[in-house]
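A.B. asks: Protein chains in written order, with this note's numbering: chain A, 1 to 394; chain B, 395 to 759.
Worth flagging that the hints you see were computed from the coordinates, not collected in a lab.
We put the CB at the ideal spot given by N, CA and C, even for glycine.
Worth double-checking, as some hints may not be accurate.
Below, a list of computed lysine-lysine pairs in the DSSO-like style, where the Cα atoms sit at most 30 Å apart [unchecked claim]:
#1 B:K623 / A:K50
#2 B:K652 / A:K387
#3 A:K123 / B:K752
#4 B:K652 / B:K752
Beta-carbon label-pair distances, calculated as ranges [to be verified]:
#5 A:L222 / B:S564: 55 to 65 Å
#6 A:V148 / B:F432: 26 to 36 Å
#7 B:T487 / A:E74: 53 to 63 Å
Listed below are the residues making up each chain.
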Amino acid sequence: MQTSANVPRPRGSVWTDPQVRAWVFQIIAVIAVVALGWYLFDNTQTNLEKRGIVSGFGFLGNSAGFGIAQHLIEYTESDTYGRVFLVGLLNTLLVSFIGIVLASILGFILGVARLSPNWLISKMATVYIETFRNIPPLLQILFWYFAVFLTLPGPRDSLGINDTFFLNSRGLYMPSPGPSENFWPFALVLLATIAAIVVMGRWAKARREATGQVFHAFWASLAMIILIPGLAVLIGGNPLVWSVPELSGFNFRGGWVLIPELMALTLALTIYTAAFIAENVRSGIMAVSHGQTEAARSLGLRPGNTLRLVIIPQALRVIIPPLTSQYLNLAKNSSLAAGIGYPDMVSLFAGTVLNQTGQAIEVIAITMSVYLAISISISLLMNWYNKRIALIER
Amino acid sequence: MQTHSFKPDLPPPVLSVGVLGWLRANLFSNWFNTLLTFFAIYLIWLIVPPIIQWAFINADWTGTTRADCTSGGACWVFVQQRLGQFMYGFYPTELRWRVDATLWLAIIGAAPLFVPQMPRKALYGLGFLLVYPVLAYWLLHGGLFGLSVVSTSQWGGLLLTLVIAAVGISGALPLGILLALGRRSNMPAIRVICVTFIEFWRGVPLITVLFMSSVMLPLFLPEGMHFDKLMRALLGVILFQSAYIAEVVRGGLQAIPKGQYEAAAAMGLGYWRMMGLVILPQALKLVIPGIVNTFIALFKDTSLVIIIGLFDLLNSIKQATTDPAWLGMATEGYVFAALVFWIFCFGMSRYSMHLERKLDTGHKR
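Isolated chain B (complex conformation) (with noise of 0.2 Å):
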């Protein structure tokens, strides 16, 4: 009997696999592709090196003073030497380890609720909300038990910019949640405030905002009654992102189907309850992307209290560059200024996708 026996299978050709492959798939299929690919090999070619040969090449990274700089790159020394500055702004710098402990805190303090298996976390989180903020500000307003008072014009710098956006979301989430329920009411009277007001701040940009909650508002209040720069912006701040997240969060309400309103009723539940228990949170897990995205915008709007004169990150360095010892360290500094905003925003943007991915649970229709 004869037997068939197969030769082995030939390789691929070496153009379809490998490096080769790949390059002929995703650069040069067709001469449209190759025009391209060499175009944008000539862009790289004309940002990329300079960049490189500015920001590290021909870079200086130790010093102390303007001096020091000689290579004709970029020079670091400068946002090394005001790197406090621009961290705490002008927080007297033997209390400097009070703005370091309140963030360690809120790291040390958060961190259990990133633990999946964690239990009864909703609760801890909970915990956590309503101690936190009074021991943060004890921390950094201090006043009592023995610690010296530091005033909020004294904030600056990136500590200033988180707490204006950490105090800013938490003022804004739960008023844009009653906004979010009041404009889905079926009572008429409640949906028209809600409506007229959410329009309102949605319509206006936000440098009007704190404008007008720096110039106004100390008319709108009765005699004897003072809210510091720092509050009236925070103010601003909170209303103006109430209404981007009662816009968020409404998106989730009408997410959730019919049905689960009607089976809350049934149940006998009233409103709140109804709410608070059924349909707050389904919607909140489909919006948590969105209030993170939120964040972020917000987080970027913090940079505009520069308008009303408050020292965050951004006017510390503006600051910092108009200093007649440091003059023409415009680029560097605001590059520096850049990549911590960025850092920032790219990494809640991740953990916002991270979020999406996760919360998934094929709700959505």
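Extracted from the complex, chain A is given alone in its bound form (with noise of 0.2 Å):
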């Protein structure tokens, strides 16, 4: 506790002094962190030496030597070490930002679902959450891979849906869209129209700010996204080419696959992610109270207008801080590919490139400042979103 500037201070010997024991106490506790520090530190460069090992970021520049999987940019065996870093941040991200999007759609519809008045719906989402978020998320992906996706028939018998999408063991193919001669007008096109509908937009708030007259924006924008690419494809023809995969000899060609690894992992991570997302949303919906909807509808906003304006953000309010924590939970879940040997950074680098170079202060330190650098900005991003939709009280 302080004490303030004008009341004389108790006589007592030093030690007694709150101000002095701060010090002291700081003082040791900074010292034995460094201490413990420095004999860590010091340690570790007896043992490097003793077993030869350089330390550095040299191997970095040195070819990997290994094929990957799943490359979402360029690579080849003789790639280097840095690209190898590089393609399995790439594929971390990917898993993440499906996973993200997947678990947010299917989450919400769950919350909602359990909040519903059919009783029928609410208990199957109870149950489906009590199930899921009380199975560890690794061993749902053991058993969408090695149990589901591995058990699936070869290339020649894969199950197929309209001859153009082919299910089996190897993943899941799927016609690849490229760009025919009439895609960059179509895409200018596009974007003309994107403009117009947003300073459509403007103009629409500016008006109803200043005359109270409504103009129906949305239902505008709406019939514009579609009449007029619509028409650029009628006039000009398809802008893409479908490369749909085929079976030539023992695997399809074209298109694109999915390999199973990454389909068991997105689907482990959204089922379990889900659940908990589903949980918040639920908590955000019951934490705006019902008076709310009364005030609202006595105002005689319509129902929708009532979910629009009034209930749902003040339920995001509540939602989103939990929700970030849950996607932070998701990307950070990602890792768990080494189990199944999704290519994903902390398999390929913290694995494969660890094992075959052995610096492993260097290989963990780069791993783990990655998540850090993601958890630390999104969380900057939520604390700034925080702020921002904070209630002003007084």
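Join the two chains into one complex using the hints; note that each chain is given alone, in its own frame.
C.D. replies: Printed below as a string of structure tokens:
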């Protein structure tokens, strides 16, 4: 406790003075931390010398010499470890991104379903949530990978849908779009339409605030975004050419393929995280008192507008902070890829590269700092958002 | 004089009471709800019968080898035959009674703590917490008083999962409380150290922590000092989990009104006695549900030790499914693992909800 300046401090020995004690404790703590750090550093230095490991980041320039099942950027076996790191990072971001989008959708549906007045629907949502959030995510990943995707039939007997999608033990094959000669004109038209919609939205808002007249900007934009590009397609032809996968020999050629590791990982993470998101959504909606709905209705807002302008903004204020930590958890859980060998950053870099080079400290440090950077940037973003939407109270 | 007599009340409409009324209110209140109900019934019909068919009706329950599974459903014979391995790992069969004894000791020892009328519960609990780990280590590891040594590399299965979870939480709790106090301290240096420590561990995934403790720890230690695999994993788990516990406890500390601190200071209590006698008892009571939730997360996270090659419940099952004599039993194995984990986690989460209700003394603001 602090003593205020004008009260004379009671006389006592120096040792009982709280400020002196605070200083002493802090100095001791800092010395202890520094000493521990130095001790570990010194041990490491000795051990590295003894094992003949040269520390430093030079190994990132060496050729890796192993193949990777899924790479979003060009990669060959002769590429460097630095490039392996990049490939892994992109794969991690890919899984996190797909997982976050799917888990949000599923989670919101389940959260609303759990509050549904329909007894059957709300009980089903409860059973889903209580089942999947109490099973470890790694177990779910292993289950989908080993018990489901790897037991699918081989390429020759794959399950086909319309002869365009094929599911087999090597993955999900699907058509991939490529640009035709009409692509760039079409993209230009699309961009122009979007720009026009933005301008129109601003104008509609300004007019509404100035005169109170409502312009149905949403319906107008919907019409524009469908009609104008549609017209462009009719005139110029299809902007995309689709490459459909075809069976040739023992495997499919053409199109895109989702490898089973990716599917198992995203599916498990989505199912697991959606259960938690559903609970956040439910508590957020329940946090908005019923009086808010009644007040909005008595002001003459329609049910749709009540939901959009009154309930959802207030519920989001409660939902968003825990939602972000769920997103962060999903990104961190994507490192469980190491359990099934999906080439994410941890299994590629902290696994294969570490084993090949033996540069344990550098590899682990890089991996950890990437996750730290992701966590810190998300929490900074979160704090900024929280400040922006926080209730301004007197 | 004319007397008025009332006729008996008419019964409520048939459609608004009883089963019919309930159905109407909860399942068919309007056209949208009716549609949802039919959709739900369709989903249930799609999912539930095949599962029951697979897991019970077509399942094989008795036998000794894979050849005994003939009916096309689940082959629970596999789980039955390998149950010993799933529960004890590579613990020598003739010594498994020691694991059982450890478990029974825990159950019998901890049972009085759940009796509300028990006198001097805190003292007993503290004594139990001090004596039991020593006894458990002696029983499991051996080496004294004629018990033969079973090295930790032979521990496995559910035993290992429980050991990691129990040691993890009992190591993380005191460390986490200290960190939380440090984070709330008004000494800047202590605060910075604690915040850095907490945010570092909370920012990285447990897998990288386990990787670190398994490949970097040997580099950190001086010559001749050696930790076995289990110790390294435990160290990583404790450090990682203590950061989460610290944040939970901090929430409790923040919920205590300032008047409590001031009153304790006015009574002349120093920092440690203020915390130990006034603040922490209240704060910890508030956050017991949060701590249980952290423990559930820790329990699920124990499955990650598979990455550094320890044979916990999940890894034992994964290994068993790759056995050539039992190929194709992945589904049965993982479903069994899921069931075990689910029972533990669901039970704990119910207990945490029960505690929340019981401990709610109206202090929450």
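A.B. asks: Work down the list of hints and note, for each, if the structure agrees.
C.D. replies: Cross-check of the supplied hints:
no., hint, result
1, B:K623 / A:K50, "22 Å, holds"
2, B:K652 / A:K387, "24 Å, holds"
3, A:K123 / B:K752, "25 Å, holds"
4, B:K652 / B:K752, "25 Å, holds"
5, A:L222 / B:S564: 55 to 65 Å, "59 Å, holds"
6, A:V148 / B:F432: 26 to 36 Å, "28 Å, holds"
7, B:T487 / A:E74: 53 to 63 Å, "55 Å, holds"
Checked against the numbered hints above, the structure violates none of them.
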